[in-house]
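Going down the list, the sequences are from chains W and P. Under the working numbering, the residue at position 78 of the first sequence is numbered 78, and the numbers go up by one with no gaps. Heads up: take any position in the second sequence, counting from 1, add 1000, and you land on the working numbering.
Hints may be right or wrong, so weigh each one.
Stated by the list, open to error - Have a look at the derived ranges for each label pair, beta carbon to beta carbon:
id : chain 1 : residue 1 : chain 2 : residue 2 : range
1  : W       : K81       : P       : D1015     : 41 to 49 angstroms
2  : P       : E1012     : W       : G15       : 20 to 28 angstroms
3  : W       : V80       : P       : N1038     : 15 to 23 angstroms
4  : W       : R74       : P       : P1016     : 39 to 47 angstroms
5  : W       : R53       : P       : G1039     : 18 to 26 angstroms
6  : P       : G1028     : W       : A121      : 27 to 35 angstroms
What the hints assert, rightly or not - Just so you have them, the derived chain W footprint on chain P, three or more residues with Cβ under 8 angstroms:
id : region
7  : 1009–1018
8  : 1021–1028
9  : 1037–1048
Quick caveat, the hints were computed from the structure, so don't treat them as lab data. Just so we're clear, the structure is a prediction, and the values are computed from it rather than from any experiment. Every residue, glycine too, gets a C-beta built ideally from N, C-alpha and C.
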Amino acid sequence: MAQLRLGHPEIKRRGAEIFHVTLTPPALGPLYARRFTLPFPYLCDGDLAVYRRYGLTTKGALAALRTGLESFPRIVTGIVKGEQPSLLPYSSTEKMTTEQAIFLVAQDGRVSFRYIADGHAPVPPNETLLRAVDALSSGFPIAGSKQSEI
Amino acid sequence: MSEVMTNAKPVEIGDPAPHFSLPSAQGGVVTLDQTIQNGPVFLWFSPGMV
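Next up, chain W with everything else stripped away, as it sits in the complex:
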C-alpha cells in the first residue's frame, strides 16, 4: 500500500481515485479504519464476489480467510496494542495464490488499463498508473497487462 499511498495525491489531482478491493470481512474493516490511516476507500469483499466477477484467481483464499477468522481474537488484541495485522499472502498461508490486479475503469465504464500478477509481485510504478490516467484524456489508452509486459 505504501507505494500507492505516495502516488494517491497525484492520482487524485488528475481526477482519478483508487479503490482497494480486499478480502477483509466487512466486520473487520471498521477496526482497521479506526486503527490505521487508510488513504483511499478500503473495500471489503469478504465473500470474494467481486474478485470472481473480475475473473481473478483466489486459490486457497477461503482457507486463508478461515485461518484469519479463527485468529480474530488475537488480531483484535494486536490492533489494540498497535500491532500491524498480517498481510495476506505474506502470512503463514503459503498455499494461497490469490492474484493481485489493478484495473483502471474509465468514465464510460470500460477497462482502459489492466495489470495482473501473483500476490507477491510489486504493483506497477506510480508513473505507469499516471500515464494510464493521462492516456484517457489523450484518447490513446496504454495496454498494461501481465507483470512481464510492463
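Let chain W serve as the given structure and place chain P on it in line with the hints.
Relative to the frame of chain W, chain P by itself:
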C-alpha cells in the same frame, strides 16, 4: 477449501467493468457506477489486512 474460486477469464482492456457495491472500512457502501461519474477509478485488488 483451497480450490480455485473462479473459472472466468479476467476482465480485458476494453471490456465493460463489472459494476459492484461494497462496504467500505471507512464507512458506508461504495458503488463503482456512482464514483466513475466523477472520474476514472483504479481498482486495486489485493488481499489486504486479515
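Evaluation of the provided hints:
no. : hint                                 : result
1   : W/K81 - P/D1015: 41 to 49 angstroms  : holds, 44 angstroms
2   : P/E1012 - W/G15: 20 to 28 angstroms  : holds, 24 angstroms
3   : W/V80 - P/N1038: 15 to 23 angstroms  : violated, 36 angstroms
4   : W/R74 - P/P1016: 39 to 47 angstroms  : holds, 42 angstroms
5   : W/R53 - P/G1039: 18 to 26 angstroms  : holds, 22 angstroms
6   : P/G1028 - W/A121: 27 to 35 angstroms : holds, 31 angstroms
7   : 1009–1018                            : holds (count 10)
8   : 1021–1028                            : holds (count 6)
9   : 1037–1048                            : holds (count 12)
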